[in-house]
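Engineer: The lines below spell out each chain.
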Amino acid sequence: MDIIYGIDLLGTLVFAISGVLAAIEKKFDLVGSFILGFVTAVGGGTLRDVLIGVTPVSWMQDLNYFFVILAALPICYLGRSKIARLRKSFFLFDTIGIALFTVLGLQKTLGIGLSPVIGILMGVVSAVFGGIIRDVLSNEVPLIFRREIYAAACFVGALLYYVSGLFSPWEEFNLIFSMTVVIIIRYLSVKKKWTLNVKPLS
Amino acid sequence: MDIIYGIDLLGTLVFAISGVLAAIEKKFDLVGSFILGFVTAVGGGTLRDVLIGVTPVSWMQDLNYFFVILAALPICYLGRSKIARLRKSFFLFDTIGIALFTVLGLQKTLGIGLSPVIGILMGVVSAVFGGIIRDVLSNEVPLIFRREIYAAACFVGALLYYVSGLFSPWEEFNLIFSMTVVIIIRYLSVKKKWTLNVKPLS
Amino acid sequence: MDIIYGIDLLGTLVFAISGVLAAIEKKFDLVGSFILGFVTAVGGGTLRDVLIGVTPVSWMQDLNYFFVILAALPICYLGRSKIARLRKSFFLFDTIGIALFTVLGLQKTLGIGLSPVIGILMGVVSAVFGGIIRDVLSNEVPLIFRREIYAAACFVGALLYYVSGLFSPWEEFNLIFSMTVVIIIRYLSVKKKWTLNVKPLS
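Residue numbers (this note's numbering), protein chains in the order written: chain L, 101 to 302; chain H, 101 to 302; chain X, 101 to 302.
It is worth saying that the hints were derived from the structure and are not from the lab. Since the model is a prediction, treat every value here as computed from it, not as a measurement. Misleading hints may appear alongside valid ones.
Remember, identical chains collapse to one label, so a pair may be satisfied in a single copy or spanning two.
The list that follows gives simulated cross-link-like pairs (lysine-lysine, DSBU-like), each with its CA atoms no further than 30 Å apart [unchecked claim]: (1) Lys293 - Lys188; (2) Lys127 - Lys182; (3) Lys292 - Lys182; (4) Lys292 - Lys127; (5) Lys208 - Lys127; (6) Lys126 - Lys299; (7) Lys299 - Lys127.
Build out the structure end to end from the sequences listed, making use of the hints.
Structural biologist: Put into structure tokens, the structure is as follows:
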């Protein structure tokens, strides 16, 4: 499906931009910015591929991912002020990106015969570990360990996609349905400042 | 052997609890706590599996590991004060856990035909890298790089298990013998505050 | 080619020493020093092997790498003051090391049928990720994200090696030519304080 491929590349670009921007903030040089953009964009999927044993990892098979990530460098270095004004679009694309990455990660894991529980876990890993690796390489505590609901939205999306697949044969509907739920949860959690910060007893 | 499987799951639980407790201390949210518990519990074995090329990694094949790790969340959030009082039991189970993880990691590595030196290394990796990954994700210097004797105890245990296997056909004896030595070294090193802090010359 | 094997081991030793020295500075114990030396020396090649799917990873097949890394411990703990005086030799060996690691990583990646772009990337990964993992485990921002030209020199070397291979059948010439260019770029960038620190617009 061409539109899925397009969203996949767009999500990769947005993730790469988030990595390059973090690198610029930390005053990394061009190489550091490229590396940080790269790991943010493909880190989650790469970890999933390595854990489930699908190697060479997927971005090695299609250079478009590489070129999209490379494009994040001039975009960030030349257009940083404009990006700031596009914050809302970025939030949208980032959220569509994690929703799609989650579903694609789940599909891939089920495709090699692993159980649905592992598939859902690997869907979430695909979506969130790029950001975790970005933060570890920047010497920061991973943002998603503290932030508003993020991985949890992916988890719900993955679960819904799997469950709806049991009942509905309309693949496209299931995809759009579960991705929409992820986007709504993300939107509401940021809007309403929902968190999963639970105080332990005593 | 069913008892080994039981100890393996118990060790996994204790490791997961140590990860969740570290996450609570850092004020991570529920998702962060789950992720930190997960990587602490299975990180070492996962790294070993990836390095020796046994994928999908082992916890994907048996969901009991997943459920045991999940159980660490309510245990820590509801019973944190009780856990503090169980410190001694935890030390015991943690130590039994690393001893067993070491031997199982060594066995698995030898089982795919790698040399004993690599087997011993991978035994130690299985036991200690979960904790290292926990500390890296929490933005801390890994504890075991500075603490009392820990990895070294695993190393001795792995070596003894391998060597005793050359002379003795009693698999169970070799297992219990080498695990006991690990536990004794750990106990003494904490009791006597042994370290491996060596001052470099000049 | 025996001389290449020798340079490979020498480069491994120099990398391991850089890891152990970093560990001593951080007051790690012997185990921490060994682990940090190990990951610095083989981390880049290991990551490459895992990503391209060549497992068990390469240092598991030849124990000489293990013994060379082990040798870094007495060298650093007994001869630290002498090492400081050998700074220039170390710079030379480190630079020869990264140049060779780059080319070997490129060759290996091409050898399993991946594209030249991925080959060049994996060449650079082989050379620089050992140092990145060292810095992450020491809880530091990776040095090469900020330092003088380092990864970029590897990139140029990998590119030249690949391009010269298209035109010249003299494998040895291509190797020496591209490694020499890496060494010259590194030397000049340190001497002239070249960086890739680019200010983003606005």
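Engineer: So, for every hint listed, does it hold in this structure?
Structural biologist: Taking the hints in turn, this is what the structure says about them:
Proximity of Lys293 to Lys188 under the C-alpha cut-off of 30 Å is restricted to the intra-copy arrangement: shortest distance 16 Å within a copy versus 40 Å between copies. When the C-alpha separation of Lys127 and Lys182 is checked against a cutoff of 30 Å, the pair qualifies only within one copy, where the shortest distance is 19 Å, while the shortest distance between copies is 34 Å. For a Cα distance limit of 30 Å, the shortest separation of Lys292 from Lys182 inside one copy, 27 Å, qualifies, whereas the shortest one across copies, 35 Å, does not. Proximity of Lys292 to Lys127 under the C-alpha cut-off of 30 Å is restricted to the inter-copy arrangement: shortest distance 20 Å between copies versus 33 Å within a copy.
With identical chains, the CA atoms of Lys208 and Lys127 are never at most 30 Å apart, being 37 Å at best within one copy and 33 Å at best between copies. In this assembly of identical chains, Lys126 and Lys299 lie within 30 Å of each other by CA distance solely across copies; the values are 12 Å between and 32 Å within a copy. Proximity of Lys299 and Lys127 under a CA criterion of 30 Å is satisfied inter-copy only: 9 Å between copies versus 36 Å inside one chain copy.
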